[in-house]
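Chains A and B supply the protein sequences, listed in that same order. Just so you know, the first sequence maps onto residues 825 to 1504 in the numbering used here. Just so you know, the second sequence maps onto residues 2 to 264 in the numbering used here.
Careful, some of the hints might be misleading.
[Stated by the list, open to error] Between beta-carbon pairs, the in silico distance windows are: (1) T72(B) to T1348(A): 44 to 54 angstroms; (2) S163(B) to D1246(A): 36 to 46 angstroms; (3) S122(B) to L1205(A): 31 to 41 angstroms; (4) I161(B) to Q1415(A): 26 to 36 angstroms; (5) R124(B) to Q1415(A): 28 to 38 angstroms; (6) P1228(A) to S163(B): 55 to 65 angstroms; (7) A118(B) to R1386(A): 35 to 45 angstroms; (8) E1286(A) to S167(B): 41 to 51 angstroms.
Think of the hints as simulated: they come from the structure by calculation, not from any bench. C-beta atoms are modelled at their ideal positions from N, C-alpha and C, and glycine is treated no differently.
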Amino acid sequence: MRNPTSGVVVEGTLRADSSVAMSIDPQGMAHIMGVLTNLYSDAPLAVLREYSTNARDAHQAAGIDRPIEVSLPTALDPTLRVRDFGVGLSEQDILGVYARYGSSTKRGSDEQVGAFGLGSKSAFTLAQQFLVTSVHDGRCTTVLFALGADGIGSVSVLHRGEAQEPSGVQIEIGVPQPHLVRATAARFFGTWPAGSVLVDGATPVSVRDGAVLTCEGLVLADPQSEVTAEGWNLVMGGVGYPLPRALLLRAVRDKDAPEARAALGTHGFRSVYATVPIGAVDITPSREGLRDTARTVRAVRSVLDALPDLLATEVQAELDAAGTATQAAWLLAGYQRALDKHLLPTARLTYRGAPIGAPVTVPLTTMTLTARRGSRGGRELRVDDNLLVSTANMRDVLVVTDTPKGAARNHPARRYLTQNSDGTQWVVFTADSAATFDWFAYGPGSPVKTVPYPMFRHQIDEYSTGTTRRATVYRTLAPQDGEPVERPVPWLREQPPPVVLTAQFFGSQVARQVFHDRPMVLLTDRQSLAGLIRRVPGAKDGERLLCDGARHLLRNLSDYQRETLTASVIVDRFEQTARNIDRVFGRRAQQVPGMRRLLADYQRAQRICLDRARDRTLLISAHHTAGTPLPPLRPEHQRQLDDLLDRAPLLTALLRAGQLTDDELDAALAYLTTALPNAA
Amino acid sequence: MITWQLTSTATGQALAVAFPNGSVVTVPGTHPTFDPLIRHLRTTIDPDPQRVRDLLNVGATTADELRQLSTRVTYTGGLIHFDGQALDNALTRHLVRLIRAGDRSYGRFVAFLENLAENPSGRSRRQLFTWLSERDMTITPDGQFIAYKGVRDDPGNTSIHSGRASVDGGEHHGHIPNRVGSVITMPRNQVSDDKHMGCTTGLHVGTWDYANSFGQRTLIVSVNPRDVVSVPKDCEFQKLRCCRYIVLDVIRSPLDTPSYDAA
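Build out the structure end to end from the sequences listed, making use of the hints.
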């Protein structure tokens, strides 16, 4: 890559008394090297990027087609190896390139990615050593680069000899955290061109795999893929650079805003990879990100400008290659779901010259579900004589063919529309097996979802248990039943009118107590209250009744229940404090009269709660159901508790102090004895 | 003769070893056998090349030992595979712990892998790895892993929540007793496999932190990886739902060794 600071032209008449070229202080060399080595924010990514792009550049320079080979580190073999099969480097070249910061052989060319002369030393950001083994002209040279005691790296040539291997360079780095490098590698190599790299002997997963659309210079990737990054990415020389959103929006032309801006944020563009030529954008010296320069904005703008035409051309080619107009419309429907209309101008698209996708009226009986006003999620079946079909809805249509005259339609259609999992929203019935209406056709060879009527009925039956049709059943809890049971409508009609409760209250102790004389029903997602009332007259929405019942219960508490509730409140409010007292003072807490009385009250309340767990749960649930707060403590209890809670900071401090000496404990007890005078 | 160079900085160490045949290897300070390697190089005047190679290629040598115990183990690309499937990071980390501790009890590790392979749900296995990935694992001689359970402070170590389970073969309804030595089970199909549901049906065990804060008394239990059903997302993946566990002991501090043997 050409250096953006190269080609500086100086012109003018300014004369100075003296002029000195700027340089680096030799004393500060270790510091400067440290800065240059640690300029990466993502060390594993930097190391992978620098050495693998160097390897690819070597193949590029030597005109070699075979992939470079990367061996990722593991916990048991924590060494990263990157091997190229270029012409290799002589010993002098190794020392020149790897031992000198700023030394690069690639600045004059836009064919190769490197330029800064920093990346070849990036291994020091991860490790204290790295090895370079080069085979060049039949000679093998192994050089160890290691950090030295003075902070400046040292270079040791360890081996020179005849080579047995093919020419090229291998870099080996012992990686302290191999799992980080492995995780980074999966995403990094996803943008590499096919056939350019083998990772652990296999072709890595690419962003092109499973992409929504792949064309020259552009990949609309699957955002769910583990190798794709969210948002826009520019790919230069195989390396993906995240494109900041601010930079992307700045590149939108004024005439295109705000539609283009809105389009760039749509779901179809959550993961985009646009390839630009090497050198088309400016990158930071760490090569981790794009620089926000006029050149970068220009490059992004040219990508955006070309996008609609590029997409239209690519999609148009696919449409024309389709066998029928219906197949073409089917393809277009898929793209419309993935791409915003501003970026894919569908009005321009045709099928072999004929407009495609304009709405067509299909004169067939059509059924769909619409929301019923005022009901709790209930929907009603709407029957139309026509279906207005376009590319927007054709994937959601199911055509039921070979429908006999007089065959049941409403109930099966409703059942299918509520229970299918294929996204169908319109069920169309026809007596024919195939037909064509303008571009919309169903039958053999058409991608439109089609099913013969007998098979459709069979599928409806499958939704029930077994192959027989099942009557409507409701999940019911009768007063005498221990567990909920599914009951048919006739059974419910014989009982007192049921009440309907949500899962939160269904079967709770409060509900069982309040509705002790009638069954409770829990509706499923697909059942409605209106449907239940229609089938079982007298059925009621039970939640208001339950709330009233809970309030009535709480207004008429027995002494036994009142005592249980008081004990419950004491335990809830006092539990943490009692534990703290026990942990700090243990048995000696009994020496403080106020504390002794409080603890005795607490223990009594705890016993009551344990003995009457079921009653306690009922009373607390009743308060919850009625929406009323728990009653306050009796004044004397509240006063004692407040007294003790006032000392909470002291207790906390004692707790933090850990083991107290006997003297400290005595002092604390004496203090608390005087601090709780009214309890003494 | 073998020569070597150790580079140490504040952030880590790296070792380069040059063999007589000209081959050179560099490894980081986190290599599983780094310490014995350095010890051998420092204390031996003429280090044995084969011994050094064995220490450097610890993955291959460990895989050889595992293969003695099970033919289902293979080693390729620096990764140990069981039935052709690369071991999850959490399991590899456990193996590295064993190597570092000089613990050659690979039999129980292989038993664990064999038990795990019997778990009928791939989803359950993946969720178990999520649970294991956040913490070090302790394995019993029969290939079960250690978990913790918080219970009430009563003679029967009864469970905090009530439910229905089988204790030593007898049906029990209510607060389930967890006496030391008891085997607690419930049908697998009644244990919720929905990781999005925090509190639902199933036998719950957890990490030390979770169990110790949850109950008044903490038990150590062994769970067969075959019996793991789900790991709920709530409580930061600290809980685990299973259909069977064995109560081993009441303890006051967590175990920190890779292996557990009953006293």
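Right, here's what the structure says about each hint:
1. T72(B) to T1348(A): 44 to 54 angstroms: holds (50 angstroms)
2. S163(B) to D1246(A): 36 to 46 angstroms: This hint holds: roughly 42 angstroms between Cβ atoms.
3. S122(B) to L1205(A): 31 to 41 angstroms: holds (39 angstroms)
4. I161(B) to Q1415(A): 26 to 36 angstroms: holds (32 angstroms)
5. R124(B) to Q1415(A): 28 to 38 angstroms: violated (57 angstroms)
6. P1228(A) to S163(B): 55 to 65 angstroms: Once the Cβ atoms are compared, 56 angstroms apart, the range 55 to 65 angstroms for S163(B) and P1228(A) holds.
7. A118(B) to R1386(A): 35 to 45 angstroms: violated (59 angstroms)
8. E1286(A) to S167(B): 41 to 51 angstroms: violated (35 angstroms)
Of the numbered hints listed earlier, those contradicted by the structure are 5, 7, 8.
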